[in-house]
Amino acid sequence: MNPLNDNRNSIDASARISPYAKIGKNNYFGHGVIIGDNVQIGDNNYFGAYTIIGDKPESRECFKEAKRKVIIGSNNRFYKQVTIDGSTTDTTIIMDNCEFLKNSHVGHDAFIWNNVSLRCNAVVGGWCEIGRNTMIGVNSFIHQRQEIPENVIIGANSFVGKKDIIHKDCIYGGVPVRQLKKIK
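The opening residue of the sequence shown carries number 176 in this note's numbering; numbering runs sequentially from there.
Calculated directly from the structure, the hints in this document are not laboratory data.
Just so you know, not all the hints are guaranteed correct.
Once the Cα atoms are required to be at most 30 Å apart in a straight line, the calculated BS3-like pairs of lysine-lysine come out as [to be verified]: (1) Lys337 / Lys356; (2) Lys338 / Lys359; (3) Lys359 / Lys337; (4) Lys357 / Lys343; (5) Lys343 / Lys359.
Using the sequences and the hints given, assemble the complete structure.
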């Protein structure tokens, strides 16, 4: 019997979870899920088919020495084919109550606060910080080292470049991204 199942985790037979990963309770690991060595996962998370957590980061200068550390909180949903890269120098962190739809990606050393939603094919580059209650729309891209404050909506097919400044409580869209309106 897999010891992870002793904590009432549901693990598909094809899932590959490192014996070095620290896993909480009541998590679901679907078909083909891969969880790396240096990953810590809280409780009540859902990992859909072919999701990969804690793989080598996509960073040439840090590839060999990467820590590949990932911390995931509780009550998150990672639907099909989501990828969360391991860290290079710090830790890749996903807090609580987040939702990652099909093919979304979080780069190395990123920090994702509570209640964040990445829609299908959304990409968050390395070393980004995404604030609470933020939604990144379908096919949108956040350039590395960007900070998105809380209560922001980035509309579908948008690009937040390295020099763009994003303000909280606003809706943005376009390429290049521009403020469309205030939320409050």
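Consistency of the hints with the structure:
1. A distance of roughly 21 Å separates the Cα atoms of Lys337 and Lys356; the hinted pair therefore holds under the 30 Å criterion.
2. Our distance criterion of 30 Å between C-alpha atoms is met by Lys338 and Lys359, whose separation comes to about 25 Å.
3. Between Lys359 and Lys337 the CA atoms are separated by roughly 26 Å; this keeps the pair inside 30 Å, and the hint holds.
4. For the suggested pair Lys357 and Lys343, the alpha carbons sit about 9 Å apart, so the restraint of at most 30 Å is met.
5. Between the alpha carbons of Lys343 and Lys359 the distance comes to roughly 10 Å, so the proposed pair stays at or under 30 Å and holds.
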